[in-house]
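Protein chains: 2
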Amino acid sequence: MEISREGNALHLKVKESIIQLIKSGEYKPNTQLPTEAEFCKKYNVSRTTVRTALQQLAVEGYVYRKQGKGTFVSNNKVKQILTTTVEQFSEQVAMQGKKPAIKVLSLEVIQADPFLAEAFDINENDPVNKLVRIRYVNEEPLQYEIAFLPWNKTPGLNKEACETSLYKFLESHFHLKVKKTVEHLDLILADQTISNQLNIDVGSPCFSLETHAYLEDGTAIEYSKTIYRGDLVNFVIERNY
Amino acid sequence: MEISREGNALHLKVKESIIQLIKSGEYKPNTQLPTEAEFCKKYNVSRTTVRTALQQLAVEGYVYRKQGKGTFVSNNKVKQILTTTVEQFSEQVAMQGKKPAIKVLSLEVIQADPFLAEAFDINENDPVNKLVRIRYVNEEPLQYEIAFLPWNKTPGLNKEACETSLYKFLESHFHLKVKKTVEHLDLILADQTISNQLNIDVGSPCFSLETHAYLEDGTAIEYSKTIYRGDLVNFVIERNY
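Just so you know, the protein sequences line up as chains A and B, in that order.
Going by numbering that gives the first Met the number 0, the residue at position 62 of the first sequence is 61; the numbering climbs one at a time, nothing skipped.
Going by numbering that gives the first Met the number 0, the residue at position 202 of the second sequence is 201; the numbering climbs one at a time, nothing skipped.
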């Protein structure tokens, strides 16, 4: 059933076997895995083979490492539900029995560059709110987000409001109701900034989600770019036909 | 505006600059980029720096390499639209001015393992159709897909039918209408099988989309796992609130 079971490289066999042991519950979340030496013996393979398998398992989010302590089994990934009835981030995370938090890194007013001017149908150099946030789950940084909102529609946006739901605040404070979003989901590699902010290695694969949000009358109200840790997140999409 | 512009490593500056030149149309799709030596001179950086930048651009799908010929600018990524009004793969691709194709690698009847038995509410060892396909765009392999369908609902499924739309065939031939799908989108690294099938390096980041499809009465009719090349695909999600 596992596609990769058909792979023939030795480290893939080891990797698949460990995945099965995690899925079957033999290795339980947050417990320590056997050492590299123990895996070498168990599978009768080299240290390099075991290390490659463990590295891939870490990138794919099955295990995580603690400096000087060894390798542990991950909790389940955080599911991001992409449907038309979207619960807030905090509610989604809480429903999965995890602890959510949002931290505002900065909120400033910048001048629209040509891209933002076109996105919001404003003039170049018009003021735009730029909001940078990190979202955490169980104290681990999960997503790094830069959002832009035209200042003329959201004057006096304040930091505290942005530590909860931005869309709810837009509605309660500015009477702006988001009616439609168009999102693009891409795969990217972490650069230095993302690496620092999300506490992952430079080059780690991540999801990049670009969002354009619109009001009832079609006015663009937000443009954002969110980077999700690929090892911690997966997306759930429900469709009805 | 580009998040990675804030990065400080030299290769990221080079990478960002090349991305801007591609986006602005200075470097056009399918034309050859300057050589590594030319980039070294242009940016006054080392060969290693240029190589790292170009490697990342290739993984992220901005450029591609031709053996012995150099580096070329990619076409736009193939958009996969994830909304409730889904056009068929072929139609989506054709609408983007690209040439689609579907190839059936195998179609066989296997025995349900415990996972499939539970998914389809059948007994273990009951017959299940296993369908392996590759989808191409402009002759490039784009996605590798393994689908399972309970044999009792799809007896005599045949290869030719699977080279077009499976869901349309289910409807026209078996009177089975898919009403709902639940999908999980993950990030994985290519193993040897995926590498061979999709013509990418082992370890390349890919999207993995797991789908459960249901009929009107809630019966599970299909389980599939599709691996998409991360350098060639992005997903578009439209939501109305």
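Some hints here could point you the wrong way.
One copy or any two copies: either way a pair holds, since identical chains are not told apart in the list.
[Said to hold, decoys possible] With a straight-line Cα cutoff of 27 Å, these simulated DSSO-like cross-link-like pairs (lysine-lysine) come out:
no.	residue 1	residue 2
1	K129	K40
2	K178	K41
3	K152	K27
4	K68	K152
5	K22	K224
6	K41	K22
7	K41	K179
8	K224	K152
9	K158	K65
10	K12	K129
11	K179	K129
12	K129	K27
13	K68	K158
These are computed hints drawn from the structure, not numbers from a lab.
- Item | Violations among the numbered hints | 1, 2, 3, 4, 7, 9, 12 and 13
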